[in-house]
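Novice: Read off the chains here:
Protein chains: 2
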Amino acid sequence: MARIGNGRGRTTYAKSGVDTRARARSLRPLLAAVTYRPPRSHGRPLGPAGHYAGLVRIGRETIAVTTDTVGTKVLLAEQLGRYEEIGEDAIAINVNDLAAVGARAAGVVDVINCARPEPTIFAALGRGINRGLAAAQCALLGGETAVVPSLLKAIDVGGTAIGFFPHGRRPVTGAGIRPGDRILGIPSSGFHANGYTLIRALIRQKGIDLHRPRSGARTPLGIELLRPTRIYCRAIESVADRPYVRGFAHITGGGVRNLLRLNPRVAYVLDRWPRPTGVFSWIRTLGAVDDRELFQTFNMGIGFAVIVTRRGVGPAIRALSRAGYGDALEIGRIAPGAGVDLPAWRLSYSEYS
Amino acid sequence: MARIGNGRGRTTYAKSGVDTRARARSLRPLLAAVTYRPPRSHGRPLGPAGHYAGLVRIGRETIAVTTDTVGTKVLLAEQLGRYEEIGEDAIAINVNDLAAVGARAAGVVDVINCARPEPTIFAALGRGINRGLAAAQCALLGGETAVVPSLLKAIDVGGTAIGFFPHGRRPVTGAGIRPGDRILGIPSSGFHANGYTLIRALIRQKGIDLHRPRSGARTPLGIELLRPTRIYCRAIESVADRPYVRGFAHITGGGVRNLLRLNPRVAYVLDRWPRPTGVFSWIRTLGAVDDRELFQTFNMGIGFAVIVTRRGVGPAIRALSRAGYGDALEIGRIAPGAGVDLPAWRLSYSEYS
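Chains A and B, in that order, are what the protein sequence lines are. Terminal number for the first sequence in this note's numbering: 354, no gaps in between. Terminal number for the second sequence in this note's numbering: 354, no gaps in between.
So here's chain A without its partners, still in its complex pose (with noise of 0.2 Å):
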């Protein structure tokens, strides 16, 4: 649960301007006023509604759609003239979200919002989406660009993708976690594309220059920052109709608190979850955001989890392996009780909010 301010004097996501309580308190009434319920001949909405992507029966498939915006990350892309990662990254956090429920990324509509369209910034987004629609093995299936000077601040850059379940598989929520499965985790390539209000707000509060490397690092800091989000869908194509699968949660805004998103009534001890590194480590050691807040932001490390059972963790990481994630890892386990557990950092959540 996010905390709004801590009396500490330490930087929050909410006191960057993003109030993630205030968020499900206005959508607490917009969910209550949608009573509509559509005939069966307009297909069948599956549940639940609010996890990853929307699932609908159509027919004799069942369809997974997802929309999603990198939002405030194109004002680092703005501040670095970049915006090739931003394309990737438009795709990447809609197929994600695609994988998490297991399906099967078919294709992406993008949608780009500018004040003043400029072909050599749409060149580079085109260029970031082709490269994304080629990791997550999709098409383009269209795309919408608005001309809105007085809607926006900047560029606004997201998409809509919608996939599948091929051969019979079945969407995965998560449900049948059980204590004594394992959590596996596959790691990230950056904060993705998720808490850049908060980032640039320490940037700022810290006077830190994006064009030079941070301690440790070779590479000039925005430039790491701006990395494309890591697109897991082929790990997913990977385990998804395995029978010892039985939970994926993709680890984006809400950080850990993701998991949450599963099955409520076990406990996610994360007590393998591997020491932050690169920029996760240089967020850490700026010491202006504590570490609940870090890991409830951020992914802070690993972009993906795979819950399976414990016979499967072996398969599991082989299959990962040969799709090209040989960094994925053991992270935990599920154990009776509810809630995400971090006992290494003496950190508990028990909402996503």
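Because the hints were derived from the structure by calculation, they are not lab data. Please note that the accuracy of each hint is not assured.
What the hints assert, rightly or not - Taking lysine to aspartate or glutamate and the EDC-like style, the derived pairs with C-alpha atoms no more than 20 Å apart in a straight line are:
hint, chain 1, residue 1, chain 2, residue 2
1, A, 207, A, 291
2, A, 207, A, 119
3, A, 154, A, 79
4, A, 154, A, 119
5, B, 154, B, 79
6, B, 16, A, 331
7, A, 154, B, 225
8, B, 154, A, 331
9, A, 16, A, 331
10, A, 16, B, 225
11, B, 207, B, 292
12, B, 207, B, 225
Given the coordinates of chain A, work out where chain B should sit on it, guided by the hints.
Specialist: Structure of chain B alone, referenced to chain A:
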């Protein structure tokens, strides 16, 4: 084709800040960069790209996907403190694009990006979303809400819709349209959600009071301008499976030029376009925007076109009437040639930018 200024001091969409030609120029390098083609096991994209909806064959179903936002109409909503209409628009603009390829709406995912989430605004959006869903007979499959104060000047409301083709229906692209066919029009409910940057510029320029009715009206102009986009789904469902149907056009951004998205090797002669009334007559009497610009920016009274064979006119009008669209009427015909002609207005368009 959008004129970029016309030397007579009149207002154009480009001058108000929306340069559609610049947008087209920027999209070319983006699309050129997207060369990746996925393996068939990931679905089969169906052309043409750039049509109203992306189409992909998944297993035994063809899925249509659209995405769009309400754009700067939200600024009017903000001025008037009314958001319900905007919520309905977010559904309407997307499901109407599905209808334009003959797809039946299955579900929508809403997207709300805002600086600060406010429960009363979200509740109003929810009520509008619910009304839109009921009109389109589809479900809310999920939503995405981002709090991005550093990105936005106002709330941004949109969505994504997916649809399908029941019982062997084929996507309607208009490729079969030929000379002799007739163009039917379904009246719109106002400006829908396009061209509001221009409308707002006019209101500012002329010092118009939104709280007072325009001449000849009883409702305050602001309320009239906020009226939600008519939803054409039931109209299209009533005729989509009929052999006399040749094409559909959602008359959205780009005005009558939207017809050029259908078969480009025929002429669309709009020789029975109804006299503009209501807000369409009002915007003409302002005298600030010429007819050429009006017809290529707004729907000017007809929100959806249905192209049918000559013998299909009667049956189509009757089917539409039974579905609740008793105001549908014949507005033109297909002739040999190319382009869109409005002979009574001495207007021709040859390009959909």
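Novice: Would you mind marking each hint as holding or not holding in the structure?
Specialist: Status of each hint after checking the structure:
For the proposed pair residue 207 of chain A and residue 291 of chain A, the alpha carbon gap of about 16 Å is at most 20 Å, so the pair holds. Proposed proximity of residue 207 of chain A and residue 119 of chain A is contradicted: the alpha carbons are some 32 Å apart, above 20 Å. A distance of roughly 11 Å separates the Cα atoms of residue 154 of chain A and residue 79 of chain A; the hinted pair therefore holds under the 20 Å criterion. The straight-line distance between the Cα atoms of residue 154 of chain A and residue 119 of chain A is roughly 15 Å, inside the 20 Å bound, and the hint therefore holds.
For a cut-off of 20 Å, the pair hint linking residue 154 of chain B to residue 79 of chain B stands: about 11 Å separates their Cα positions. Taking the CA atoms of residue 16 of chain B and residue 331 of chain A, the gap is near 58 Å; set against the 20 Å cutoff, the hint is violated. Between residue 154 of chain A and residue 225 of chain B the CA atoms are separated by roughly 29 Å; this puts the pair beyond 20 Å, and the hint is violated. Proximity of residue 154 of chain B to residue 331 of chain A is assessed by CA-CA distance (about 44 Å); at most 20 Å being required, the pair is judged violated.
Annotation: proposed proximity of residue 16 of chain A to residue 331 of chain A is violated, straight-line Cα distance about 34 Å (limit 20 Å). Distance hint between residue 16 of chain A and residue 225 of chain B is unfulfilled; the C-alpha atoms sit about 39 Å from each other, more than 20 Å. With a C-alpha separation of about 18 Å, the suggested pairing of residue 207 of chain B with residue 292 of chain B holds against the 20 Å cut-off. Taking the CA atoms of residue 207 of chain B and residue 225 of chain B, the gap is near 17 Å; set against the 20 Å cutoff, the hint holds.
In summary, the numbered hints that this structure violates are 2, 6, 7, 8, 9, 10.
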